[in-house]
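Asks: Starting from the given sequences, assemble the full structure and let the hints guide the process.
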Amino acid sequence: DAKTTQPPSMDCAEGRAANLPCNHSTISGNEYVYWYRQIHSQGPQYIIHGLKNNETNEMASLIITEDRKSSTLILPHATLRDTAVYYCIAVSNDYKLSFGAGTTVTVRA
Amino acid sequence: ETGVTQSPTHLIKTRGQQVTLRCSSQSGHNTVSWYQQALGQGPQFIFQYYREEENGRGNFPPRFSGLQFPNYSSELNVNALELDDSALYLCASSLMARSGNTIYFGEGSWLTVV
Numbered sequence: 001d002a003k004t005t006q007p008p009s010m011d012c013a014e015g016r017a018a019n020l021p022c023n024h025s026t027i028s029g030n031e032y033v034y035w036y037r038q039i040h041s042q043g044p045q046y047i048i049h050g051l052k053n054n055e056t057n058e059m060a061s062l063i064i065t066e067d068r069k070s071s072t073l074i075l076p077h078a079t080l081r082d083t084a085v086y087y088c089i090a091v092s093n094d095y096k097l098s099f100g101a102g103t104t105v106t107v108r109a
Numbered sequence: 110e111t112g113v114t115q116s117p118t119h120l121i122k123t124r125g126q127q128v129t130l131r132c133s134s135q136s137g138h139n140t141v142s143w144y145q146q147a148l149g150q151g152p153q154f155i156f157q158y159y160r161e162e163e164n165g166r167g168n169f170p171p172r173f174s175g176l177q178f179p180n181y182s183s184e185l186n187v188n189a190l191e192l193d194d195s196a197l198y199l200c201a202s203s204l205m206a207r208s209g210n211t212i213y214f215g216e217g218s219w220l221t222v223v
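Protein chains in written order, with the working numbering: chain A, 1 to 109; chain B, 110 to 223.
Wrong hints could be hidden among the right ones.
Said to hold, decoys possible - Output of the computed footprint for chain A on chain B, the stretches with three or more beta carbons under 8 Å from beta carbons of chain A:
1. 135-149
2. 153-161
To be verified - Just the calculated beta-carbon pair ranges, DEER-fashion:
3. B:L204 - A:K52: 20 to 26 Å
4. B:T211 - A:G15: 25 to 31 Å
5. B:N180 - A:S92: 25 to 31 Å
6. B:S208 - A:N19: 49 to 55 Å
7. A:T79 - B:R160: 23 to 29 Å
8. A:D11 - B:K122: 50 to 56 Å
9. A:P7 - B:N180: 25 to 31 Å
10. B:N139 - A:D1: 17 to 23 Å
In short, the hints are calculated from the structure, not lab data.
The beta-carbon is built from N, C-alpha and C at its ideal position, and this holds for glycine as well.
Replies: What follows is the structure, encoded as structure tokens:
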């Protein structure tokens, strides 16, 4: 599976949009981009995934560039409960996830 | 709720003992993967089971073994426990009928080896 690169940390203000970037320049055509987050001591929580079209659900939006080499997860109105480690993962049809270090997001009041 | 349940949630074992962790996958999911997450690290892939057969393995020794049952629930067994086996063990379930399906995790089992 393609390697992904994320910034190690970022801060955002409560109530503002949080934009989390992810680079996956070697992603192959059949690999989806999945996003998870993990709050301390809990299992990873599924957020969203996509192949090439932008996706939106009740939690977030996923914007994938046309060349698919990068993507951005958007949390539209960050709350304190969104403080977590966010993982961007490229997943092929074998469904085996290779987690990197993720981005530690801290939402500040 | 993900529909993936794991048991036990916490347990303490002594070095050299054996442990069995259990996972009930989401209804209809035919694939279960197990991950180990040491403190401060991201989850690491242990192995995957698809329709009761092992379908890929990460860099873990043979004392880590598993089973998947006809109802697609699964067990992770670890023999000859070592102190470094202390970790959060995560189970993830998915439906491997086509690519792009959602993969859900359970809340994990915390194992402490003393």
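Asks: Confirm or reject each hint.
Replies: Hints, one by one, checked against the model:
1. Residues of the segment 135-149 of chain B with a Cβ under 8 Å from some Cβ of chain A number 3, which satisfies the need for three, so the listed coverage holds.
2. Note: the segment 153-161 of chain B has 3 residues with beta-carbon separation from chain A under 8 Å; the three-residue rule is met and the coverage holds.
3. Under the hint 20 to 26 Å, the C-beta atoms of L204 of chain B and K52 of chain A, about 21 Å apart, fit the expected range.
4. Separation of T211 of chain B from G15 of chain A is about 28 Å and conforms to the stated range, judged on CB atoms against 25 to 31 Å.
5. Roughly 27 Å separates the CB atoms of N180 of chain B and S92 of chain A, a value that falls within the hinted 25 to 31 Å.
6. A C-beta distance of roughly 27 Å is found between S208 of chain B and N19 of chain A, which places it outside the suggested range of 49 to 55 Å.
7. At roughly 40 Å, the beta carbons of T79 of chain A and R160 of chain B sit outside the given window of 23 to 29 Å.
8. Taking the beta carbon of each, D11 of chain A and K122 of chain B are about 39 Å apart, not inside 50 to 56 Å as hinted.
9. A hinted range of 25 to 31 Å for the beta carbons of P7 of chain A and N180 of chain B is inconsistent with their spacing of about 42 Å.
10. Taking 17 to 23 Å as the suggested C-beta distance range, the pair N139 of chain B and D1 of chain A conforms, at roughly 20 Å.
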